[in-house]
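Please build the complete structure, drawing on both the sequences and the hints.
For reference, the chains in residue letters:
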Amino acid sequence: MDLGGRNSESSGFSDLTPPASGLRGVRALVLVGGKPEIERFGEFPLAQFDVLGRSVLMRTLDRIRAAGIGETAVLSDTEPLPPGPESVSCKFSVAKPECFWNEALRLFRSLSRHSECVLVFRLGAWAEVDLTAMLNEQQRSGAAIMRAHSRRGEALDVFAISSGSQSEAAALLRGELRNERVAVAVHKSYGYVNLLLTPADLRILTLDAFARDCEIRPCGRELRPGVWIGSGARVHRRARILAPSFIGRFCKVHRAAIVTRGSSLEHHAEVDCATVIDNSSVLAYTRVGAGLDVECSLVGLNQVHSLQRNTTVVIEDPHLIGTTTTHFSAPLLSAARWCVSLMPGMLRKLLSEPRTEPVARDRPEAIVPSTPALSDSSLAPVESQTDPYREMAETRRYGNE
Amino acid sequence: METSRPVVVKRVPESLNLKQARVFLEEVRPLLEHDRPQLVFDLSLVHRIDAAGVDLLLYCMQEAARRDGDLKLASLSPHAQVVLDLTRTGRLFEIFASSADAVRSFGGYLPNMVRQFHPDPELEAKDGRKAA
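Just so you know, the sequences run in chain order U and H.
Heads up: the first sequence at position 65 corresponds to 65 in the working numbering, and the numbers run straight through without jumps.
Numbers in the working numbering are just positions in the second sequence, counted from 1, shifted up by 1000.
Please keep in mind that the hints were generated in silico from the structure rather than gathered at the bench.
Positions of the beta carbon are idealized from the N, C-alpha and C atoms, including for glycine.
Do not take every clue at face value.
Computed, partial: chain U to chain H, Cβ under 7 Å [unchecked claim]:
#, residue
1, 292
2, 293
3, 304
4, 306
5, 309
6, 319
Taking lysine to aspartate or glutamate and the EDC-like style, the derived pairs with C-alpha atoms no more than 20 Å apart in a straight line are [stated by the list, open to error]:
#, chain 1, residue 1, chain 2, residue 2
7, H, 1010, H, 1042
8, H, 1019, U, 316
9, H, 1010, H, 1094
10, U, 188, U, 222
11, H, 1019, U, 317
12, U, 91, U, 62
Right, dumping it as structure tokens:
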């Protein structure tokens, strides 16, 4: 599978580093996952989820490409989220968790064959490391392996490994990037770092992006100051979108819904009538039911992670949290379902006795003389006096219709 | 002032979907039909609750209120808390950390909110003695 293509919209970066010719001999290996216990939401690595229109994985690939690094390979321990990253310029492979690090080593060896240095990222964290500066420092120091550290001293899973030091690289990758047995030089990075350990960190990254504390920018058109809308999104005119908010591509916001306080709806999300999305992120393909109050939460994959209560719960009721579909047959299916719902009524009508128009009787009122001279009872039609259901027939004819 | 009516604590089952809610309602219905029922639902075991479950809680509260009684919730599991928050129904109930607290809350004649504005001198004196 290929990765890395850009949408027609902006990729979401404020200032991209121009491609550096000095990094042509450098290749990159991006590892997604590798730690099954943490950095996940619903079994998927947090790096695969969209943040304001583009996933951390895709944004990392954008940074790598912007730094002028040519070939990149991506290895993940889970299948990509639907519809999956689409692109043309890098290989995407999936390995089972038990053979993830061996597969990473194999990929590293194949990448290092024709390059001077291989950058190894593990996502994990969103780290805005200046890759050019890091590689320059490694070149100057002559270190076999260099690891980026944040300004607070946290070790980041960003490594520059020289192609010549295969044994050290093997020890590092087999040890799941723990560098106890390998000499590793430190590169201090002063860029923004979010470790993305918990779903709450994904929410913090979204808020930091709204506050422009990091390089991430929303992918979409800024409709009003602080309100971004992706292409194909539909917002009901009675819905309220308050800044800062992000409505992703092909989202639907129904009548009387409110999206506010740094909330984001990722692509194909749907918010039903009168629901409030307050300080929350709704992940891609998620449908939030009508009349709900989603506050300080991360919603998606039929789960809700409440930041206030620091708990994740599975919601099995599609009336509350469900999924949307974008398959081309969805409109056809919904039309078919509508037709099927009409069928019983139609069949009932077809099978019932044909409706016969009541025989137009001579209306007694029409012939009953109103004049006192003609009010003689003998002149009144006999039928009008003897038919006890006259009134009932009239009532049924007009009332039922 | 102490009330002499009994307070019934009922443990809500693990799953409260449409089917389970119906079964649970049949169990609870006789309790709701008493005069001025005082009920506490213990939701500590609840791991799954859907819209039907929330509907059941609201129905029980409504029925209790119709007979001048009250329904209080206690020991909410994280799942129940999140679903009640999500459906905006949490604010309609009095929620307590434990069933014992909920039962104790029925003991006072005045509800907590009213007690704030019309303090009971006898109770305050008692609290003062305890503090001393």
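Check whether the Cα positions of residue 1010/H and residue 1042/H lie no farther apart than 20 Å. holds (6 Å)
Does residue 316/U sit within 20 Å of residue 1019/H, going by the straight-line distance between their CA atoms? holds (14 Å)
For the hint on residue 306/U, does the least C-beta distance to chain H fall short of 7 Å? holds (5 Å)
Please verify that hint: residue 293/U, Cβ, nearest Cβ of chain H, below 7 Å or not. holds (5 Å)
Could you grab the alpha-carbon distance between residue 1019/H and residue 317/U and see if it respects the 20 Å cut-off? holds (13 Å)
Go through the hint on residue 319/U and say holds or violated, using the shortest Cβ distance to chain H against 7 Å. holds (5 Å)
Residue 1010/H and residue 1094/H: Cα distance at most 20 Å? holds (15 Å)
Check whether the Cα positions of residue 91/U and residue 62/U lie no farther apart than 20 Å. holds (14 Å)
Can we keep the residue 309/U interface hint, with Cβ of chain H closer than 7 Å? At about 6 Å, which falls below the 7 Å cut-off, the nearest Cβ of chain H leaves the hint on residue 309/U intact, so it holds.
With chain H as the partner, please determine if residue 292/U meets the hint condition of a C-beta pair closer than 7 Å. Given a least distance of 5 Å, the restraint on residue 292/U holds.
Verify the interface restraint on residue 304/U: the C-beta must sit less than 7 Å from at least one C-beta of chain H. holds (6 Å)
Can the restraint linking residue 188/U and residue 222/U be considered satisfied, given a maximum Cα separation of 20 Å? Distance ~35 Å between residue 188/U and residue 222/U Cα, so the pair is violated.
This entry does not satisfy hint 10, going by the numbered hints stated previously; all others are met.
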